[in-house]
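Participant: Below, each chain spelled out in residue letters.
Number of protein chains: 2
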Amino acid sequence: MRKSNLILGAIAGIFLLAGCGRLDSSTSTTTTAKNSSSGYRTTGQTSDSEYQGVIKDGKYLTSKARGVGVDQNSDNLLNLKSFESGLTQLSKNQFSTSNYIFQEGQLLSSSTIENWLARKSKNNQDGLNPEDNGQTDANKRNPIYIQQIEEQDYMKEKNGKMSLAGITIGIGMNAKDYYQKESYGATYTTDISEDKMIAEGKIAAAKVLQRLRSTSGVSADTPILIGMFKQAPNDSLVGGSFYAYTLVKNGQVISTWNNINIKSYVFPSTSSSSVPNDNDETSFESFKKQVQNFFPNLAGVTAQGQYKNKSLQGMHVNITTQFYSETEITSFTQYLAQAAKNYLPSGIPIDITVKGSDGTVQSFLSRQAKDSSYYTHVFSSY
Amino acid sequence: MRKSNLILGAIAGIFLLAGCGRLDSSTSTTTTAKNSSSGYRTTGQTSDSEYQGVIKDGKYLTSKARGVGVDQNSDNLLNLKSFESGLTQLSKNQFSTSNYIFQEGQLLSSSTIENWLARKSKNNQDGLNPEDNGQTDANKRNPIYIQQIEEQDYMKEKNGKMSLAGITIGIGMNAKDYYQKESYGATYTTDISEDKMIAEGKIAAAKVLQRLRSTSGVSADTPILIGMFKQAPNDSLVGGSFYAYTLVKNGQVISTWNNINIKSYVFPSTSSSSVPNDNDETSFESFKKQVQNFFPNLAGVTAQGQYKNKSLQGMHVNITTQFYSETEITSFTQYLAQAAKNYLPSGIPIDITVKGSDGTVQSFLSRQAKDSSYYTHVFSSY
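Chains as they are written, first to last, in the UniProt record's numbering: chain A, 1 to 382; chain B, 1 to 382.
Honestly, I wouldn't trust all of these hints.
Note that identical chains are pooled: a pair holds if it fits in a single copy or bridges any two copies.
Derived DSS-like pairs: lysine-lysine, alpha-carbon spacing no greater than 25 Å straight-line [said to hold, decoys possible]:
#  : residue 1 : residue 2
1  : K64       : K355
2  : K140      : K370
3  : K289      : K122
4  : K355      : K56
5  : K355      : K59
6  : K289      : K56
7  : K289      : K249
8  : K161      : K122
9  : K59       : K289
10 : K370      : K92
11 : K156      : K308
12 : K249      : K92
13 : K355      : K196
14 : K355      : K120
15 : K140      : K176
16 : K355      : K308
17 : K161      : K59
18 : K158      : K207
19 : K59       : K158
20 : K202      : K156
Bear in mind the hints are in silico, worked out from the structure with no lab data behind them.
The task is simple: from the sequences and hints, build the whole structure.
Facilitator: Right, dumping it as structure tokens:
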């Protein structure tokens with residue numbers, strides 16, 4: 001059992017950079033929750049590829065800035081999902097799931113992060129975004145470059161005591177800054193060039209690093225990983241993606257940035273957005289054609305795919321159709337398991353969620369990269 | 001692989017009578033879709049414990065009475081779910097999933113079933129429910145005894161041809177008949193005694209059997225399974241349950257009825273409804289206590305349990321709480337896998353669905369009867 005989990009973990013490792021926040025294991029609960037002498041426990045692990053989380057005095061130790069991300073991404077919550085799962089995946093490359101325990105950020109509070117994300121002003125010298133220059137014209141105003149910041153803590157346990165052994169900071173950068181000229185007025189957009197976004201991101205990252213190093217509880221040699229994320233537009237059907245990261249082992253200076261070529265796409269392709277690899281689009285279209293006419297009422301079939309360069313790393317397929325009976329859902333799910341196996345790309349993790357026309361999840365299918373067949377589940381009721 | 005599926009099938013068989021419509025398999029897609037010479041195909045099978053369904057000319061062969069069940073159960077759709085999954089489970093005992101292929105009912109059309117379910121009248125001699133006697137008083141009027149009827153066909157394949165080899169009929173009986181004295185008026189209830197319900201059900205079943213035997217396509221020796229279902233009240237949080245069945249191998253006469261002691265309950269128990277076994281309630285309460293305080297905002301924890309006599313056959317657990325981040329959902333799901341393993345009853349199939357406060361499914365966990373640990377899945381997005 002242990003061995004097969006190791007293999008699973010190794011295979012999962014290949015897809016770590018995919019930023020796919022899967023917790024998907026048909027294997028057993030491998031690690032039991034730990035108890036420490038200081039009122040800390042961990043959640044236990046269901047897969048070697050996931051971190052254990054920290055429980056304090058019987059409750060989950062939530063982030064000091066809990067909920068800030070929701071506010072910052074209210075126009076497109078997909079950005080929050082991508083940001084958080086991508087940040088965790090980035091972290092896994094530096095802080096292994098077997099040696100580190102995940103803790104929600106405890107250093108930066110809601111008010112700290114809110115001040116950092118606000119514009120710089122007389123009352124807010126900590127603002128990472130530029131001062132308001134009084135302009136409202138899209139090209140004359142100072143846009144908001146930095147949309148969100150999230151902290152994750154990576155802990156090590158020794159002699160029943162938990163201590164901070166690594167920090168990850170995600171910084172979400174705007175490529176488009178949406179703004180109103182007056183309260184409740186129309187929404188305008190300032191476009192930010194790629195170069196400008198990257199340059200502003202580097203400046204912000206340097207400041208964040210410096211502030212973090214001088215924060216109580218952070219030592220001079222605590223490794224700090226910083227991931228730079230490009231926010232997707234408000235109307236995007238996939239979230240944004242990480243474009244660069246740096247690991248600062250000690251000190252306050254960033255020496256090098258590493259590029260990340262990961263991006264999410266929507267299937268089917270449209271005239272304005274097509275996936276990097278035509279073969280994947282062909283596979284998806286074949287699958288869609290098999291599926292959408294299964295019932296007299298047409299099924300809607302879309303997907304999100306994540307690419308590393310031109311290589312597909314994983315897919316989330318969404319199917320919506322109207323059902324009249326449980327037997328229909330069961331038959332459809334079995335049919336999907338076959339169609340997905342026959343038509344969708346192999347060797348990558350794929351999950352398929354089937355919803356009724358009212359949005360209720362009816363069934364779901366999931367396959368890990370190493371598997372050929374799908375796990376299936378029909379949501380039932382007594 | 002084949003062998004482990006057989007074992008899985010055998011174990012699943014123990015729970016066939018549980019009426020639990022699970023399609024839950026971490027194993028592979030065992031059977032490939034079949035092609036016949038007459039334009040028929042099958043859906044393929046994801047588990048030995050599920051039927052393959054019939055596809056005709058590339059489309060799923062839907063029921064001739066598609067959608068009637070939704071209309072008949074619009075006041076409590078849980079009745080439809082229980083009715084359909086229970087009927088399929090009943091059928092599995094007579095028509096094995098390995099020898100028979102499931103086909104949605106093709107003999108009785110929507111209009112036929114609607115006429116049968118209506119009151120008998122000058123224009124509708126086929127009505128199985130009594131004539132309107134003009135009374136509106138709850139105890140003087142003739143109630144609607146028969147609420148729903150569903151047909152399932154069980155097929156065998158020989159030399160590339162599919163033929164009818166068994167029929168299952170479910171008849172849903174009212175214990176309470178809800179009615180209005182005037183259109184859009186208040187709702188009144190006629191209570192129907194258990195004895196009366198059973199007696200009226202037997203009369204209806206005999207008529208249905210006779211009519212079915214004389215239907216074109218049904219031979220004198222086609223086995224007909226009839227299952228009698230007691231509808232749950234409109235305000236019930238679980239659906240109704242099957243209380244009796246009969247298998248008529250040939251001819252038009254029912255000789256014996258077999259009782260079924262299966263019933264669904266809600267956890268936690270209330271003053272007016274408690275589960276048959278106190279130990280299960282204690283287990284559930286312990287689990288609930290572990291779970292509901294995990295986050296600062298309280299989680300709602302309820303469950304449906306199905307009993308055969310005093311023995312719990314399976315549980316569907318529903319958890320609702322507010323999340324702010326994907327890491328919270330991941331940690332919560334891992335914690336649940338441990339808590340469920342430690343506190344919920346073992347040796348039965350259990351699934352747990354975790355929803356956000358807006359009703360969106362966030363994650364789900366599932367364990368088959370034979371397993372000790374849970375399969376977990378967090379719904380993610382790119």
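Participant: Taking the hints in turn, state whether each one holds.
Facilitator: Verification of the supplied hints:
In this assembly of identical chains, the alpha carbons of K64 and K355 lie at most 25 Å apart only when taken from different copies (23 Å versus 35 Å within one copy). In this assembly of identical chains, the alpha carbons of K140 and K370 never lie at most 25 Å apart, being 52 Å within a copy and 66 Å across copies at closest. Taking CA atoms no more than 25 Å apart as the test, K289 paired with K122 passes in neither setting, with 60 Å inside one copy and 49 Å between copies. With identical chains, the CA atoms of K355 and K56 are at most 25 Å apart between copies only, with a shortest distance of 23 Å across copies and 37 Å within one.
In this assembly of identical chains, K355 and K59 lie within 25 Å of each other by CA distance solely across copies; the values are 19 Å between and 33 Å within a copy. Within a single copy, K289 and K56 get their C-alpha atoms only as close as 50 Å, which misses the 25 Å cut-off; across copies the closest is 16 Å, which meets it. In this assembly of identical chains, K289 and K249 lie within 25 Å of each other by CA distance neither inside one copy nor across copies; the values are 51 Å within and 42 Å between. Neither within a single protomer nor between protomers do K161 and K122 lie at most 25 Å apart by alpha-carbon distance, with minima of 42 Å and 83 Å respectively.
Proximity of K59 and K289 under a CA criterion of 25 Å is satisfied inter-copy only: 12 Å between copies versus 48 Å inside one chain copy. Taking CA atoms no more than 25 Å apart as the test, K370 paired with K92 passes inside one copy only; the shortest distance there is 20 Å, against 33 Å between copies. For the homomeric pair K156 and K308, neither the shortest alpha-carbon distance inside one copy (31 Å) nor that between copies (48 Å) is at most 25 Å. Within a single copy, K249 and K92 get their C-alpha atoms as close as 16 Å, which meets the 25 Å cut-off; across copies the closest is 62 Å, which misses it.
Neither within a single protomer nor between protomers do K355 and K196 lie at most 25 Å apart by alpha-carbon distance, with minima of 41 Å and 40 Å respectively. Taking CA atoms no more than 25 Å apart as the test, K355 paired with K120 passes in neither setting, with 45 Å inside one copy and 39 Å between copies. In the homo-oligomer, the alpha carbons of K140 and K176 lie at most 25 Å apart inside one protomer (14 Å), although the nearest pairing across protomers, at 71 Å, exceeds that limit. In this assembly of identical chains, K355 and K308 lie within 25 Å of each other by CA distance neither inside one copy nor across copies; the values are 29 Å within and 31 Å between.
Within a single copy, K161 and K59 get their C-alpha atoms as close as 17 Å, which meets the 25 Å cut-off; across copies the closest is 61 Å, which misses it. In this assembly of identical chains, K158 and K207 lie within 25 Å of each other by CA distance neither inside one copy nor across copies; the values are 32 Å within and 75 Å between. Only within a single protomer do K59 and K158 lie at most 25 Å apart by alpha-carbon distance; the minimum there is 21 Å, versus 60 Å between protomers. For the homomeric pair K202 and K156, neither the shortest alpha-carbon distance inside one copy (29 Å) nor that between copies (68 Å) is at most 25 Å.
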